[in-house]
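There are 6 protein chains.
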Amino acid sequence: MIYVTRRECFNAAHKLERADWSAAKNQEVFGPCANPNWHGHNYVLFATVKGKPDPETGFVIDLKKLSTIIRTEITNKVDHKNFNLDVPFMKGILPSAENIVKAFWDILVPHISKMGCTLHSLKLQETENNSVEYFGE
Amino acid sequence: MIYVTRRECFNAAHKLERADWSAAKNQEVFGPCANPNWHGHNYVLFATVKGKPDPETGFVIDLKKLSTIIRTEITNKVDHKNFNLDVPFMKGILPSAENIVKAFWDILVPHISKMGCTLHSLKLQETENNSVEYFGE
Amino acid sequence: MIYVTRRECFNAAHKLERADWSAAKNQEVFGPCANPNWHGHNYVLFATVKGKPDPETGFVIDLKKLSTIIRTEITNKVDHKNFNLDVPFMKGILPSAENIVKAFWDILVPHISKMGCTLHSLKLQETENNSVEYFGE
Amino acid sequence: MIYVTRRECFNAAHKLERADWSAAKNQEVFGPCANPNWHGHNYVLFATVKGKPDPETGFVIDLKKLSTIIRTEITNKVDHKNFNLDVPFMKGILPSAENIVKAFWDILVPHISKMGCTLHSLKLQETENNSVEYFGE
Amino acid sequence: MIYVTRRECFNAAHKLERADWSAAKNQEVFGPCANPNWHGHNYVLFATVKGKPDPETGFVIDLKKLSTIIRTEITNKVDHKNFNLDVPFMKGILPSAENIVKAFWDILVPHISKMGCTLHSLKLQETENNSVEYFGE
Amino acid sequence: MIYVTRRECFNAAHKLERADWSAAKNQEVFGPCANPNWHGHNYVLFATVKGKPDPETGFVIDLKKLSTIIRTEITNKVDHKNFNLDVPFMKGILPSAENIVKAFWDILVPHISKMGCTLHSLKLQETENNSVEYFGE
Numbered sequence: 001m002i003y004v005t006r007r008e009c010f011n012a013a014h015k016l017e018r019a020d021w022s023a024a025k026n027q028e029v030f031g032p033c034a035n036p037n038w039h040g041h042n043y044v045l046f047a048t049v050k051g052k053p054d055p056e057t058g059f060v061i062d063l064k065k066l067s068t069i070i071r072t073e074i075t076n077k078v079d080h081k082n083f084n085l086d087v088p089f090m091k092g093i094l095p096s097a098e099n100i101v102k103a104f105w106d107i108l109v110p111h112i113s114k115m116g117c118t119l120h121s122l123k124l125q126e127t128e129n130n131s132v133e134y135f136g137e
Numbered sequence: 001m002i003y004v005t006r007r008e009c010f011n012a013a014h015k016l017e018r019a020d021w022s023a024a025k026n027q028e029v030f031g032p033c034a035n036p037n038w039h040g041h042n043y044v045l046f047a048t049v050k051g052k053p054d055p056e057t058g059f060v061i062d063l064k065k066l067s068t069i070i071r072t073e074i075t076n077k078v079d080h081k082n083f084n085l086d087v088p089f090m091k092g093i094l095p096s097a098e099n100i101v102k103a104f105w106d107i108l109v110p111h112i113s114k115m116g117c118t119l120h121s122l123k124l125q126e127t128e129n130n131s132v133e134y135f136g137e
Numbered sequence: 001m002i003y004v005t006r007r008e009c010f011n012a013a014h015k016l017e018r019a020d021w022s023a024a025k026n027q028e029v030f031g032p033c034a035n036p037n038w039h040g041h042n043y044v045l046f047a048t049v050k051g052k053p054d055p056e057t058g059f060v061i062d063l064k065k066l067s068t069i070i071r072t073e074i075t076n077k078v079d080h081k082n083f084n085l086d087v088p089f090m091k092g093i094l095p096s097a098e099n100i101v102k103a104f105w106d107i108l109v110p111h112i113s114k115m116g117c118t119l120h121s122l123k124l125q126e127t128e129n130n131s132v133e134y135f136g137e
Numbered sequence: 001m002i003y004v005t006r007r008e009c010f011n012a013a014h015k016l017e018r019a020d021w022s023a024a025k026n027q028e029v030f031g032p033c034a035n036p037n038w039h040g041h042n043y044v045l046f047a048t049v050k051g052k053p054d055p056e057t058g059f060v061i062d063l064k065k066l067s068t069i070i071r072t073e074i075t076n077k078v079d080h081k082n083f084n085l086d087v088p089f090m091k092g093i094l095p096s097a098e099n100i101v102k103a104f105w106d107i108l109v110p111h112i113s114k115m116g117c118t119l120h121s122l123k124l125q126e127t128e129n130n131s132v133e134y135f136g137e
Numbered sequence: 001m002i003y004v005t006r007r008e009c010f011n012a013a014h015k016l017e018r019a020d021w022s023a024a025k026n027q028e029v030f031g032p033c034a035n036p037n038w039h040g041h042n043y044v045l046f047a048t049v050k051g052k053p054d055p056e057t058g059f060v061i062d063l064k065k066l067s068t069i070i071r072t073e074i075t076n077k078v079d080h081k082n083f084n085l086d087v088p089f090m091k092g093i094l095p096s097a098e099n100i101v102k103a104f105w106d107i108l109v110p111h112i113s114k115m116g117c118t119l120h121s122l123k124l125q126e127t128e129n130n131s132v133e134y135f136g137e
Numbered sequence: 001m002i003y004v005t006r007r008e009c010f011n012a013a014h015k016l017e018r019a020d021w022s023a024a025k026n027q028e029v030f031g032p033c034a035n036p037n038w039h040g041h042n043y044v045l046f047a048t049v050k051g052k053p054d055p056e057t058g059f060v061i062d063l064k065k066l067s068t069i070i071r072t073e074i075t076n077k078v079d080h081k082n083f084n085l086d087v088p089f090m091k092g093i094l095p096s097a098e099n100i101v102k103a104f105w106d107i108l109v110p111h112i113s114k115m116g117c118t119l120h121s122l123k124l125q126e127t128e129n130n131s132v133e134y135f136g137e
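Residue numbers (this note's numbering), protein chains in the order written: chain A, 1 to 137; chain B, 1 to 137; chain C, 1 to 137; chain D, 1 to 137; chain E, 1 to 137; chain F, 1 to 137.
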């Protein structure tokens, strides 16, 4: 079993704000992340796929195809977008890095499976100091 | 003459959109950067100050003080903010990296001068692929 | 279960030298790391906490609070310090990266637990080429 | 149990091309990686060894010795070389990152074992976007 | 005057070998870089353009267009290629980083000029330890 | 004229403390950098040499030779050392990054000149946030 990782980048805006909370409570819990007029990040996504290398190609998965899947299904839909307003699959979900990475997972799993591989983990880096990782359970 | 550089980071939202242009023209010229609902970046700012080291301290400038100036005058005012809506000194200015770095320059120069030093350059990195640098003229 | 990682940096001096060994033996085993007059590093610490995101906040752990814990309990006590001389919790312990990371672990675990989370791993990078990671067992 | 990681770098040429396939099929499957006249990479190898720190030295493994093993057994044999033509242990093996990392694994395991340690994983980064990791099974 | 920098990456093979020198002399002067079967790098190119920001767009140069020029004129022609064998504009030129960056300069200057801007410098990073920069004279 | 840059790394201890000042004044001016028991850094040195590429080799300077000079004259003398106690050429000089880089400059210039090249600049990075650069005047 080999683990293959592809990195993809995108830039997006978001804020952490619950409509059912007062501005004061949002500010208290989320601090500057609750700024009503948004802020944003250069997100970096690492997708790790595991499998046995194909004896003919030496590939667990063709990284160009993995890149195409991630771009088509994820980054083209979130790059230069607002997670709270522009992204259908995040509708009604608070766009914390934790919630974003789980939404990405649910989207990618069937596409990776269709290629005969297993998605092992998704890591989403929000800043050089903060990141989250999800293994599907 | 020694050149001393301090790095400071902040996260902000912005969009490139002229109110006097149609949506179509904004889209044509600025592409995804014109997304009406904003996007954002992890900006990295490098401030370079030049001067002669003080014979007593060996410092061109106390980097803790330089950091405090940049944080007080710049990053505290733009971190987790929206360049188009939240930043008084960017009012009426299209927040391209070029225009942001010039606005930062004008703010920092007098504070650096007051410390007996000269601001040599400001470099603003918007993504790992894109950056701008300004030398004051 | 989501894994959340916070990065914190600090600078410190140390040496690898056993008082019960001769200078020659220290030099033979530890090489330049045994330099009697110390050397130092820009250490980088990655703390990974695991848990389920809170349904209200979308957070496994508030990263500002995790940062505060790490700074209060660890980095404020070791930054710009000497691991052999200045750090009470390293007293009598040879400050190899392995021993440092275990000492950090024992300090952090109760503070992370108090927040209802589980410390998953601590990674300590000593140089860009050398790092250690501990999972608590 | 502590996990200790050493990073080593090397530069090499390779191509992905099967002699039993037509040029057209190689191009179709491997794309630009099949360029007949080769291309190359700055490879980065991360070797992770696990074990208990020695109570006397505080070391899981002496990183200078781990570095020497990796350089002697691996990087000196592949640095500034061509994986398809110059590397005896890759003879007849398509030099995908997956196949390279497995070949490295088989070479390193006995040398790490001889030192009383266990090789936990090998990660090979081919570009900043692409990497593979192997845990031996 | 603002200086705008775009980063673009590519992977290529090369060797440093003069046909008019013996193998021994090539080896003596170029060391492992003369390996007859090539080696390769992940090259990183930084192109810096200077100019005044357009008052309407806030841009010195549209970075998407600068990226397109660099990709069309340079990186598409050298990525996954062999500098000695595959690149017409390097024919008869020893592909040291110095000579590569000068060849890139001559290609890019007219394209940047056509956009009303001035190419200020090209920096080519061959490894994390080695880079060259050219300012056109 | 091409500018060629070589990166070299070393780890060292230092403190900023004047013997002719009280402990209180040292603390007031230098803050945590005055810690009596030292602290340390992973220093990164970038040496930039300028010249015309040799028509035969395509090299401004053989980077292996430049590396050897820097290691022999500088990094071997400061790596795993204490700038205040162990380094003869820093005797009596407060080891601020500014003073270190000037001392390095004076040592390197004649060695670079002997090779027919000109040292253009030395950049010394003390942390990822702080660096200094010197151009010799």
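Derived by calculation from the structure, the hints in this document are not laboratory data. Do not take every clue at face value.
Since the list gives no way to pick out one identical chain from another, each pair is judged satisfied if it fits inside one copy or across any two copies.
Dumping the calculated DSS-like pairs for lysine-lysine here, alpha-carbon to alpha-carbon at most 25 Å [said to hold, decoys possible]:
no.: 1; residue 1: K91; residue 2: K65
no.: 2; residue 1: K25; residue 2: K123
no.: 3; residue 1: K65; residue 2: K25
no.: 4; residue 1: K25; residue 2: K77
no.: 5; residue 1: K114; residue 2: K77
All figures in this text were calculated on a predicted structure; none of them were measured in a lab.
State whether the alpha carbon distance between K25 and K77 is at most 25 Å within one copy, between copies, both, or neither.
Only across copies: K25 and K77 sit 22 Å apart there, 31 Å inside one copy, limit 25 Å.
What label fits K65 with K25 when the C-alpha limit is 25 Å: within, between, both, or neither?
between (44 Å within a copy, 17 Å between copies)
How do K25 and K123 come out at 25 Å by Cα distance, when the copy is not named: within, between, both, or neither?
neither (29 Å within a copy, 34 Å between copies)
Please work out whether the CA atoms of K114 and K77 approach to 25 Å or closer within one copy, between two copies, in both situations, or in neither?
So K114 and K77 pass the 25 Å test inside one copy only (21 Å; across, 34 Å).
Have a look at K91 and K65 and pick one of within, between, both or neither, based on CA distance no larger than 25 Å.
neither (28 Å within a copy, 28 Å between copies)
The structure shown violates the earlier hints numbered 1 and 2.
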